[in-house]
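K.L.:
Below are the chains, spelled out letter by letter.
There are 2 protein chains.
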Amino acid sequence: MDGVKFLLDLSILLFTAKAFGLLAKRFGIPEVVGQIVAGLVFGPALLGVVQETDFLEQMAEIGVMMIMFEAGLNTNLNEMKKTGVKAAVIAFVGVLVPMALGALLYIPFYGLGDPDMLLKGLFIGTIISATSVSITVAALQELGHLNDTVGTAITGAAIIDDVIGIVALTVVISMKGGDGSDNIGMVLLKVVLFFALAIGSGLIINKLMHLLDEHFPHTRRIPIASLCYCFILGYIAETYFGIADITGAYLAGVVLCNLSDREYIEKKVDISSYMVFAPLFFTGIGLKTSFGAMGVKLLVFSVLFTIVALLSKVIGCGGSARLLGFNKSDSMKIGIGMMSRGEVALITAQKGLAAGLLSSDFFTAIILLIVVSSIVTPIFLKRAYQTSGIKAAAS
Amino acid sequence: MDGVKFLLDLSILLFTAKAFGLLAKRFGIPEVVGQIVAGLVFGPALLGVVQETDFLEQMAEIGVMMIMFEAGLNTNLNEMKKTGVKAAVIAFVGVLVPMALGALLYIPFYGLGDPDMLLKGLFIGTIISATSVSITVAALQELGHLNDTVGTAITGAAIIDDVIGIVALTVVISMKGGDGSDNIGMVLLKVVLFFALAIGSGLIINKLMHLLDEHFPHTRRIPIASLCYCFILGYIAETYFGIADITGAYLAGVVLCNLSDREYIEKKVDISSYMVFAPLFFTGIGLKTSFGAMGVKLLVFSVLFTIVALLSKVIGCGGSARLLGFNKSDSMKIGIGMMSRGEVALITAQKGLAAGLLSSDFFTAIILLIVVSSIVTPIFLKRAYQTSGIKAAAS
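Top to bottom, those sequences are chains A and B.
Per our numbering, residue 1 is the first one in the first sequence, and the count goes up by one each step.
Per our numbering, residue 1 is the first one in the second sequence, and the count goes up by one each step.
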């Protein structure tokens with residue numbers, strides 16, 4: 001029997017993902033970057049020990065759904081309401097500016113002559129539209145400023161721009177569509193219908209899960225039913241509404257985010273995720289990455305792409321914060337705090353790859369952005385707080 | 001995109017497995033039986049909502065490897081040494097008698113004229129050779145007799161007969177082989193070589209894991225590395241030694257069973273297992289089961305098969321216990337305590353199905369055996385302890 005080759009793939013990918021992830025962490029780089037590099041090293045790009053298979057792709061899809069489901073579960077509805085309009089405006093402008101600047105960068109480099117140039121440009125912009133909540137929160141926590149006004153605004157905006165980013169991703173991918181019928185009106189109608197269905201059924205599911213939670217707290221049926229809900233909503237989104245399955249997974253998380261057993265659900269899903277599925281998502285990105293086309297042009301583009309991605313958040317978020325009445329120093333902190341990018345950029349990029357909106361070459365640029373922004377954001381944020389502290393002491 | 005059908009399959013199977021499992025539990029039947037029935041009901045046998053796919057089969061394989069890995073992890077080496085020779089003899093005779101009686105039952109029913117009749121008969125016997133450790137332990141615990149002499153003998157023998165059963169399974173399946181070169185001498189040599197390799201490398205892995213455990217207790221790297229070891233040993237066993245991958249998984253568990261973080265490893269693997277993989281193994285059995293051929297002959301065979309399976313343990317284990325010096329009442333308790341069958345019978349059967357040693361029709365008989373034995377063992381065991389209690393009080 002050689003039908004168990006997938007066991008070899010699993011052991012290589014899971015082991016090296018953990019090893020490379022730990023190595024990355026030791027250098028202060030996020031663990032996910034190490035996991036991607038593990039896929040790069042052992043995949044076709046370098047050693048060629050592991051090839052992508054249908055099985056690995058399906059496992060990776062479960063992994064990314066679990067990540068988005070957890071992100072949804074972690075939504076703090078009360079905090080979102082409290083931070084309210086200001087965070088939403090910061091998030092919204094902080095999505096528009098990177099999308100516009102991303103398109104402006106892409107089109108002269110790769111777009112000219114391509115009928116899809118605007119769509120592809122907007123897609124490059126969509127990739128850099130969402131801040132990495134986890135990295136930002138971790139940085140603020142380390143600085144002890146997670147819960148002050150600026151910290152709350154950053155966290156709120158980072159959560160909201162994920163949602164806006166997901167909608168933008170859905171719209172851009174649906175617009176690519178192909179068979180003509182998918183015009184923008186139809187796409188928006190489908191988006192509205194899906195959200196109506198998700199919210200409507202979500203209210204019922206939420207009630208049912210609350211009942212389950214009340215009568216059988218801390219029992220396995222709760223995380224299992226939750227995960228099934230995540231899978232089915234993702235399936236319905238993608239199959240019947242042309243909306244990314246990860247959007248469904250994220251919304252399933254939001255629907256369940258006020259359950260008293262939320263932490264219990266998250267813990268069980270998180271363990272399943274980090275033991276098997278999530279590393280297969282991140283190494284899967286490495287397996288997909290090709291270095292073949294990494295010429296000077298791509299290198300220049302990657303560097304500019306990273307600079308544009310970082311600056312566009314400072315301009316979009318910092319600028320709108322200033323206009324909303326934050327002082328100069330706080331606006332700067334908000335702009336810097338929103339610079340970090342992480343999983344969502346990769347998730348978005350992978351969706352674009354599947355939809356034909358992106359060449360796999362660009363993963364190199366995205367990985368560069370994630371590495372640079374993950375290192376630079378905490379350092380700059382610390383400096384910004386130190387500077388304002390010195391000024392406050394001097395005045 | 002219709003590439004996400006697997007998300008629908010997952011949500012149906014995981015949800016109904018849990019629901020049917022809980023329903024079974026309410027009737028005092030083991031949860032796994034409910035999970036199998038869920039696969040039966042929603043699979044081709046009845047409703048046909050879910051069809052077997054390569055993906056589901058691979059997920060199921062991971063599930064069964066996790067179950068066996070956990071069984072290995074739960075091996076208590078000290079207890080095995082203490083109970084020692086007596087438990088081993090009881091286990092050994094308790095494997096031989098069911099194998100012989102199983103073959104004797106099978107051959108007149110289905111074997112005559114089949115060149116493989118002896119092998120298939122022995123395989124039917126192998127299926128009923130392993131006691132379900134979990135059900136027996138649960139029953140003894142409920143009665144408060146888990147740690148007395150009889151309880152220890154039963155537990156020890158139930159653990160040992162799993163190992164003997166695994167070896168018997170490997171030998172019988174390897175003998176089926178096919179390409180002529182797999183004669184019994186070669187098979188035994190491969191078995192010996194594999195166990196030598198597993199033990200030799202196991203000592204090194206055990207040392208390395210102890211070091212890891214010492215320096216980084218309770219970190220994710222420990223269960224992840226352990227799971228990778230389970231997968232790779234299973235892969236090596238099946239690919240290079242013709243030994244079932246679950247044997248490798250079980251041995252990987254035994255190698256790690258004395259780590260101080262054993263419970264931590266087991267918990268993480270157990271959560272991954274029950275959240276996704278194990279239910280897919282059990283429902284997968286239901287998906288494979290066909291009711292088409294369930295005529296009078298199979299019905300009669302199933303009933304006789306169940307009776308033979310139960311009696312063969314009473315004769316084999318009770319009889320050998322009596323010869324080893326246990327009194328009449330204690331020997332009876334040991335015989336009864338060993339009657340329960342569970343996951344291992346199904347795991348064995350599924351391996352036989354893959355190897356062409358068993359028709360899927362027989363799963364009906366095995367499911368009947370598991371249901372009946374899971375209900376009957378605790379009841380009879382309770383009665384045996386009550387009877388001996390009354391006699392002791394009267395004397």
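Derived from the structure by calculation, the hints contain no laboratory data.
Glycine included, every Cβ here is placed at the ideal spot set by N, Cα and C.
Hints may contain errors.
Said to hold, decoys possible - To spell it out: a stretch of chain B is covered by chain A in this simulated footprint if at least three of its residues, at any positions, have a beta carbon under 8 Å from a beta carbon of chain A; those stretches are:
| hint | segment |
| --- | --- |
| 1 | 13 to 19 |
| 2 | 107 to 121 |
Said to hold, decoys possible - From the derived model, a few chain A residues whose C-beta atoms are all more than 10 Å from chain B:
| hint | residue |
| --- | --- |
| 3 | Leu47 |
| 4 | Asp116 |
| 5 | Thr239 |
| 6 | Met275 |
K.L.:
Just to make sure I understand the rule, a stretch counts as covered if three or more of its residues have a C-beta closer than 8 Å to a C-beta of the chain. Does the segment 107 to 121 of chain B meet that for chain A?
P.N.:
The restraint on the segment 107 to 121 of chain B is violated, since only 0 of its residues have a Cβ under 8 Å from chain A and three are required.
K.L.:
Evaluate the condition: distance from the CB of Leu47/A to the nearest CB of chain B exceeds 10 Å.
P.N.:
holds, 17 Å
K.L.:
Please confirm whether Asp116/A is truly not at the interface, meaning its C-beta sits more than 10 Å away from all C-beta atoms of chain B.
P.N.:
Check passes; 19 Å lies beyond 10 Å.
K.L.:
Count the residues of the segment 13 to 19 of chain B whose Cβ falls closer than 8 Å to any Cβ of chain A, and tell me whether that reaches three.
P.N.:
Satisfied; 3 residues make the cut.
K.L.:
Are all C-beta atoms of chain B more than 10 Å from that of Met275/A?
P.N.:
violated, 5 Å
K.L.:
Beyond 10 Å from every Cβ of chain B: is that where the Cβ of Thr239/A lies?
P.N.:
violated, 6 Å
Violated hints, listed in ascending order, are 2, 5, 6; each of the other numbered hints is respected by the structure.
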